[in-house]
Amino acid sequence: MDKTLLSTLRFRLAGWYRANRRALPWRRTSDPYAIWVSEVMLQQTKVETVIPYYQRFMARFPSVLDLAAADLQSVLKLWEGLGYYARARNLHRAAGQVAATHRGVLPGDHGALLNLPGIGPYIAAAVMSIAFGRPYAVVDGNVKRVLSRLFMVDAPVNRHDAYAVFERKAKTLLDPEDPGLFNQAVMELGALVCHPRQPRCVTCPVAAHCRARQAGRVEAYPRRIRKPPVPTRAAAAGVVLKDGRILIVQIPPDGLLGGLWEFPGGRVDAGESAEAACIRHIQKKTGLSVAAAERLGRIRHAYTHFKVVADLFRFEWRSGDVRLDGPVDHRWIRPDALTQYPLPKTHHKFMPLLSGLLA
DNA sequence: AAGCCGGGGCC
DNA sequence: GGCCCAGGCTT
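Read in order, the letters of the first sequence correspond to residues 4 to 362 in the working numbering.
Keep in mind that a hint or two might mislead.
[Unchecked claim] Derived lysine-lysine pairs resembling DSBU-like cross-links, with alpha carbons at most 35 Å apart: (1) K80 to K310; (2) K287 to K348; (3) K352 to K310; (4) K287 to K352; (5) K174 to K49.
[As the list claims (entries may be wrong)] With beta-carbon atoms standing in for the labels, derived distance ranges: (6) L9 to C204: 39 to 47 Å; (7) A295 to L327: 36 to 44 Å; (8) R326 to Q47: 46 to 54 Å.
Rather than coming from a laboratory, the hints here were simulated on the basis of the structure. As the structure is a prediction and not an experimental result, all values here were calculated from the model. Backbone N, C-alpha and C define an ideal beta-carbon position, used for all residues, glycine too.
Using the sequences and the hints, build the whole thing.
See below:
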């Protein structure tokens, strides 16, 4: 790209950003740890969703050492509802590593950051540029959308091999004078002006440089490959009652909802009743024999790769001690203690069905 | 290179 | 109901 054009683009973008940026909590600090936490929370998550989580998290864990000293369950409880719980597990583990090997100070070194769990190309570049002022270009969903329109990039943004294409573009555009501001400016432009649908080109500071706009094809970019529709699964979960207490089990740390707690249950096979499936899963996973009492209700929930229709049952314990197969821990708790544990969204949807038990 | 991993808000 | 969001990890 022509050198004069390049500096004009950088200049206009920076000017627009200074005048239009949102006053976000993580923009009032230069603490690398705070920047790091915000970037982890912002993965695949909208700014408005993150703000309250970020504020609670930073109030509770103001430094790397505070986070490293915390137990994972309290971290997951603060993360409850934010999703992608591996982010919380990795952040906690990484804090432990920073405490142990860097004396609690996040290293301003690209390679060292990439070695920490949960820090990939995006967060490494974001922390290096925003917190340390170093020239690393970020490539996120916003950047890919903005660049795909600016240069009419035909590579679909949601294909893995597209990353290298956009990274090259981002590197040539990056303003070495203030990489942190430049990176945030491109992302803010994507968030406030260069929307996925109906972009506000009229107010765009770089519309004059935009090839898609010149071609009248802004809405045709970014290009994207279609994903197949997600399947729906049937599931069942059981509230097992024994002496006024209910059983919850902890989900294994790897995989879906790892580390959270749930009522025992599982998938309903084809041709199987939800109640029979639930009894089968409880027997298999906890070793308990239960007797059916009643069906409390049904909820629906959408995950990234499937949807679930889940029936909730109430059972009375009949016999057996807990012998776990699958879950990594269990508790017999009073119903009013449920809120002390990090639970999946499905279980928050179950709560209204439990009103009789909580009384 | 592709699949897995939450939840919410928008159309 | 599909799409999108300040992605990273695993295989």
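Hints, one by one, checked against the model:
Distance check on the hinted pair: K80 and K310 sit about 24 Å apart at the alpha-carbon level, within 35 Å; holds. Under the criterion of a C-alpha separation no larger than 35 Å, the hint pairing K287 with K348 is consistent with the structure, at around 24 Å. At roughly 14 Å between alpha-carbon atoms, K352 and K310 fall within 35 Å of each other, so this suggested pair holds. For the proposed pair K287 and K352, the alpha carbon gap of about 25 Å is at most 35 Å, so the pair holds.
The suggested pairing of K174 with K49 holds, with an alpha-carbon distance near 25 Å, which does not exceed 35 Å. Hint check: L9 to C204, Cβ distance near 21 Å, so the stated range 39 to 47 Å is violated. Here the CB-CB span from A295 to L327 is close to 22 Å, at odds with the stated 36 to 44 Å. Range check, R326 to Q47: about 37 Å between beta-carbon atoms, so the 46 to 54 Å window is missed.
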